[in-house]
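*Asks:* Residue numbers (the numbering used here), protein chains in the order written: chain V, 1 to 122; chain R, 1 to 226.
It is possible that some hints are incorrect.
[What the hints assert, rightly or not] As a list, the in silico DSBU-like pairs of lysine-lysine whose alpha-carbon atoms are at most 35 Å apart:
no.: 1; chain 1: R; residue 1: K9; chain 2: V; residue 2: K25
no.: 2; chain 1: R; residue 1: K218; chain 2: R; residue 2: K185
no.: 3; chain 1: R; residue 1: K8; chain 2: V; residue 2: K25
no.: 4; chain 1: R; residue 1: K150; chain 2: V; residue 2: K25
Bear in mind the hints are in silico, worked out from the structure with no lab data behind them.
Since the structure is predicted, the reported quantities are computational estimates derived from the model, not experimental observations.
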Amino acid sequence: MGIANSVLDAVRTEMGRHPGTYPCKIGVRIGEMAAIDQDALRFCFEAMILETDLSSLELAIEVCPRRHRCQACAREFVVRDYDSRCPQCASLETVCISGDELELAYLEVEEYEPSAVGEKSS
Amino acid sequence: MNRVPLEKKVLSENDRLAAELRARFQEHGVLCLNLISSPGSGKTSLLERTLELLPRRDRVAVLTGDIQTENDANRLKRFHFPVKQITTGGTCHLDARMIERHLADWRLEDLDLLFIENVGNLVCPSSYDLGEAAKVVVLSVTEGEDKPLKYPSIFFKSDLLVLSKIDLLPYVPFDIEVAAENARKVHPGMEIVKVSCLMGNGLHEWMMWLGERRRAHKSLVQQTAS
Numbered sequence: 001m002g003i004a005n006s007v008l009d010a011v012r013t014e015m016g017r018h019p020g021t022y023p024c025k026i027g028v029r030i031g032e033m034a035a036i037d038q039d040a041l042r043f044c045f046e047a048m049i050l051e052t053d054l055s056s057l058e059l060a061i062e063v064c065p066r067r068h069r070c071q072a073c074a075r076e077f078v079v080r081d082y083d084s085r086c087p088q089c090a091s092l093e094t095v096c097i098s099g100d101e102l103e104l105a106y107l108e109v110e111e112y113e114p115s116a117v118g119e120k121s122s
Numbered sequence: 001m002n003r004v005p006l007e008k009k010v011l012s013e014n015d016r017l018a019a020e021l022r023a024r025f026q027e028h029g030v031l032c033l034n035l036i037s038s039p040g041s042g043k044t045s046l047l048e049r050t051l052e053l054l055p056r057r058d059r060v061a062v063l064t065g066d067i068q069t070e071n072d073a074n075r076l077k078r079f080h081f082p083v084k085q086i087t088t089g090g091t092c093h094l095d096a097r098m099i100e101r102h103l104a105d106w107r108l109e110d111l112d113l114l115f116i117e118n119v120g121n122l123v124c125p126s127s128y129d130l131g132e133a134a135k136v137v138v139l140s141v142t143e144g145e146d147k148p149l150k151y152p153s154i155f156f157k158s159d160l161l162v163l164s165k166i167d168l169l170p171y172v173p174f175d176i177e178v179a180a181e182n183a184r185k186v187h188p189g190m191e192i193v194k195v196s197c198l199m200g201n202g203l204h205e206w207m208m209w210l211g212e213r214r215r216a217h218k219s220l221v222q223q224t225a226s
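Can you build the whole structure from these sequences, using the hints too?
*Replies:* Here it is, written out as structure tokens:
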């Protein structure tokens, strides 16, 4: 719920910079190590926008896998089943470079139709 | 339709506050540790034994978080160190704002070590930076040895795993080596101590780890200051 609230706060802040438009879609990037349950986030998000000015806002979630870089041969690879061994040189000296994202990627906004603007201001 | 790139963290406001807290802890030489576990894994018991073992002159304080009640703070106050309860009133984790607010009437220059006992939950607390120097995750042997695989984030982000209630090992089907192996799958090289707060086993190793972190933090702070 806190995460969904932070996403919506960010949308509202960003909308202040785009007068004459309304938000359609918010893109969020979630790493598989970020401890965010997608369904729970979607559920909270939808519950929180219900009957508000953001009720038509769509949530797009992109899941990012855990990636490591090998310290020995610099190969970058996706870690599956917690196997962090380098697939190229078998070194165990690898470091995590991504996979714990919890980021706002983009916001899609649409311009109000002139008539809709009129309705909005009335 | 127009797509506006945002490229910022969802919890950027929390992260900003946490960075401010971290800078203040650093400035005043306070080592801050964030203790995280499921409810009932033994965070408060570990803190009770720790406060009991620390010299009375040590400059230590505890912030303890729960959804309701002052029970934990009351348990910890009897050791005569400053303790404050944070009741979140429903929120399942602590955030940096709550820490900032509850620290307001303590002078950080009077502290060397601050424990934050998070709300019992293995999920959400791992997303909220509190400005700590390290997270410590507690897992009791009455849970499951696959917890690190099921809840990888917190094991990945914690510097130390405390396997607690090891006095119960003869009575539960918990393979402690498998648990340690699972934790190190998620977090290669993770440090692990095995303790029983009831019987006292392993508390020496925990206090050694704590002492080592306090020394390392002190020398880091001195280096930065000079």
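*Asks:* Look at each hint and say if it fits the structure.
*Replies:* Now for the hints, and whether the structure bears them out:
About 17 Å separates the Cα atoms of K9 of chain R and K25 of chain V, which keeps this hinted pair within 35 Å; it holds. The hinted pair formed by K218 of chain R and K185 of chain R meets the criterion: a straight-line CA distance of about 31 Å does not exceed 35 Å. At most 35 Å may separate the alpha-carbon atoms for a hinted pair to count; K8 of chain R and K25 of chain V meet this at roughly 16 Å. About 31 Å separates the Cα atoms of K150 of chain R and K25 of chain V, which keeps this hinted pair within 35 Å; it holds.
The structure agrees with every numbered hint stated previously.
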